[in-house]
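J.: Sequence:
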Amino acid sequence: MQGQALPGFRDSYPEELAFRNSIFATWREVARRYGFQEYDGPPLEPLELYTEKSGEEIVQQLYAFEDKGGRKVALRPEMTPTLARMVGARAQALKKPIRWFSIPQLFRYERQQRGRLREHFQLNMDIIGEAGPLADAELIAATIDIMRAFGFGPTDVQARVSDRRVLRTLLLGSGLTEAQLPTAFEVIDKSERVPGEALAEILSKVGIGQREATIVFEVAKLRSIETVSAALAKVKGGDEAGESLRTVIAALGTMGLSEFVAVDLTIVRGLAYYTGIVFELFDRGKELRAICGGGRYDNLIREIAGVDLPCVGFGMGDVVLGELLAEQRKRVEASGQLDAFLVAVGGEDVAPVLQLAAGLRDRGIAVEYALRNQPIRKQLELAAARGASRAVIIGPDERKAKVAVVRDLKTGKQRKVALTKVRKGVFQ
RNA sequence: GUGGCUGUAGCUCAAUCGGUUAGAGCGCUGGACUGUGGCUCCAGAGGUUGCGGGUUCGAUUCCCGUCAGCCACCCCA
Numbered sequence: 001m002q003g004q005a006l007p008g009f010r011d012s013y014p015e016e017l018a019f020r021n022s023i024f025a026t027w028r029e030v031a032r033r034y035g036f037q038e039y040d041g042p043p044l045e046p047l048e049l050y051t052e053k054s055g056e057e058i059v060q061q062l063y064a065f066e067d068k069g070g071r072k073v074a075l076r077p078e079m080t081p082t083l084a085r086m087v088g089a090r091a092q093a094l095k096k097p098i099r100w101f102s103i104p105q106l107f108r109y110e111r112q113q114r115g116r117l118r119e120h121f122q123l124n125m126d127i128i129g130e131a132g133p134l135a136d137a138e139l140i141a142a143t144i145d146i147m148r149a150f151g152f153g154p155t156d157v158q159a160r161v162s163d164r165r166v167l168r169t170l171l172l173g174s175g176l177t178e179a180q181l182p183t184a185f186e187v188i189d190k191s192e193r194v195p196g197e198a199l200a201e202i203l204s205k206v207g208i209g210q211r212e213a214t215i216v217f218e219v220a221k222l223r224s225i226e227t228v229s230a231a232l233a234k235v236k237g238g239d240e241a242g243e244s245l246r247t248v249i250a251a252l253g254t255m256g257l258s259e260f261v262a263v264d265l266t267i268v269r270g271l272a273y274y275t276g277i278v279f280e281l282f283d284r285g286k287e288l289r290a291i292c293g294g295g296r297y298d299n300l301i302r303e304i305a306g307v308d309l310p311c312v313g314f315g316m317g318d319v320v321l322g323e324l325l326a327e328q329r330k331r332v333e334a335s336g337q338l339d340a341f342l343v344a345v346g347g348e349d350v351a352p353v354l355q356l357a358a359g360l361r362d363r364g365i366a367v368e369y370a371l372r373n374q375p376i377r378k379q380l381e382l383a384a385a386r387g388a389s390r391a392v393i394i395g396p397d398e399r400k401a402k403v404a405v406v407r408d409l410k411t412g413k414q415r416k417v418a419l420t421k422v423r424k425g426v427f428q
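The numbers in this note's numbering rise by one with no breaks, and the one at position 269 of the first sequence is 269.
Do not rely on the hints blindly, as some may be mistaken.
[Unchecked claim] Each computed DSBU-like pair below joins lysine-lysine, with the alpha-carbon atoms no more than 30 Å apart:
| hint | residue 1 | residue 2 |
| --- | --- | --- |
| 1 | Lys221 | Lys205 |
| 2 | Lys424 | Lys400 |
| 3 | Lys421 | Lys378 |
| 4 | Lys400 | Lys378 |
| 5 | Lys424 | Lys378 |
| 6 | Lys205 | Lys190 |
| 7 | Lys424 | Lys413 |
Because the hints were derived from the structure by calculation, they are not lab data. Quick caveat, the model's predicted, so the values are computed rather than measured.
Could you put together the complete structure from these sequences and hints?
T.: Listed below in structure tokens is the structure:
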């Protein structure tokens with residue numbers, strides 16, 4: 001075997017591409033329902049676009065190199081900085097709130113494993129220019145509606161919602177210092193996967209004592225808006241900090257999506273630029289990685305483009321989603337697109353078939369025919385394998401009678417149809 | 001980037017203790033079937049056993065390296 005795609009990159013055979021396209025089609029359909037407009041940007045960007053604002057996490061795994069002009073460039077690992085630049089450049093002219101979506105191919109240089117390649121496609125939906133929590137709720141609702149459009153219900157997937165402001169306020173209120181916050185975030189993020197002892201050790205290393213550590217673990221266990229609110233009520237500025245989260249949860253409830261939504265403060269998200277609500281969507285079995293993740297990033301556009309615009313957005317990749325769809329056997333069949341397969345009985349029927357094919361194709365009808373002389377049975381076999389809905393058979397008898405035999409390949413029923421009708425694409 | 005496990009036909013897998021020409025099912029091609037597909041039967045094509053080296057009379061099998069995949073870290077789109 002020679003010649004393989006690079007590690008973490010995929011060759012997409014027709015069946016797989018049809019599957020991916022069906023995912024894209026659903027994404028676009030739901031985005032349309034929510035009033036979003038599609039945009040795109042370059043797959044290759046200046047390295048600085050990522051090194052400055054996205055945080056170390058992303059920079060470590062950039063696909064970066066120098067181009068022939070000596071410019072330091074990187075394949076885009078995420079779409080948000082590009083979006084921030086584009087919006088920033090026309091910030092004055094665009095009517096707010098801006099609702100844009102894109103389906104970029106993104107790249108990261110990291111060791112691949114299941115659900116995680118070096119390249120993937122990701123739906124990005126962002127609302128820009130609206131600081132109110134209904135924008136956050138709108139996007140969380142969109143992620144849920146996308147999953148519903150794929151046939152998933154509340155027993156299949158769940159959105160877990162948190163707010164960094166809530167986490168901050170609770171932790172600072174419990175006596176942690178600003179400097180200890182990143183470590184506390186890290187521990188909360190890992191609290192479901194890493195044993196408590198190891199976590200306690202991490203905390204003690206940055207000087208977080210027994211009492212504060214206990215509070216950190218308690219915060220990580222909060223799982224409802226009521227318990228979060230109760231905890232917030234005990235600290236300074238707590239009510240105010242929890243307002244967004246309360247509004248988001250209430251709005252999603254009003255939309256009838258409560259079953260899909262849970263408050264979960266262990267959702268932290270790695271990217272440095274998130275400032276408020278953050279959320280992720282998981283399969284209920286938690287077998288796979290997050291299906292989608294996003295949040296509010298109110299400062300990014302100012303930092304990149306110097307324009308003050310609050311934003312909230314999410315990304316949903318095609319890899320984990322695709323695995324979930326395949327696992328649930330909801331894979332869309334790659335059905336043949338052929339309207340008709342033309343069958344020439346003998347060699348002298350080939351010319352009429354070519355003529356008919358050309359005419360039908362001019363009318364936008366998808367047809368195929370055998371490219372060499374073959375027995376009828378072979379031709380019908382090919383027609384069936386192609387998923388053609390019908391075969392149009394032309395032989396000496398048919399030509400004499402100025403008809404064609406139209407055979408329904410699903411039922412096996414066939415009838416004679418006048419050639420004048422068949423030429424117009426009328427098969428019955 | 002670190003560690004563990006695994007690599008045999010397009011796919012799923014088999015091959016005794018290290019033994020001769022590496023097999024099967026599915027798929028693909030052709031035939032039985034000369035104007036009617038799906039079923040059945042027959043045949044064929046398809047392999048550097050991931051790659052390179054070592055041990056051995058002999059390696060798919062044992063050893064080393066390397067590459068790739070999976071898993072766990074790291075980290076998370």
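J.: Any hints from earlier that this structure breaks? Give me their numbers in increasing order, please.
T.: none
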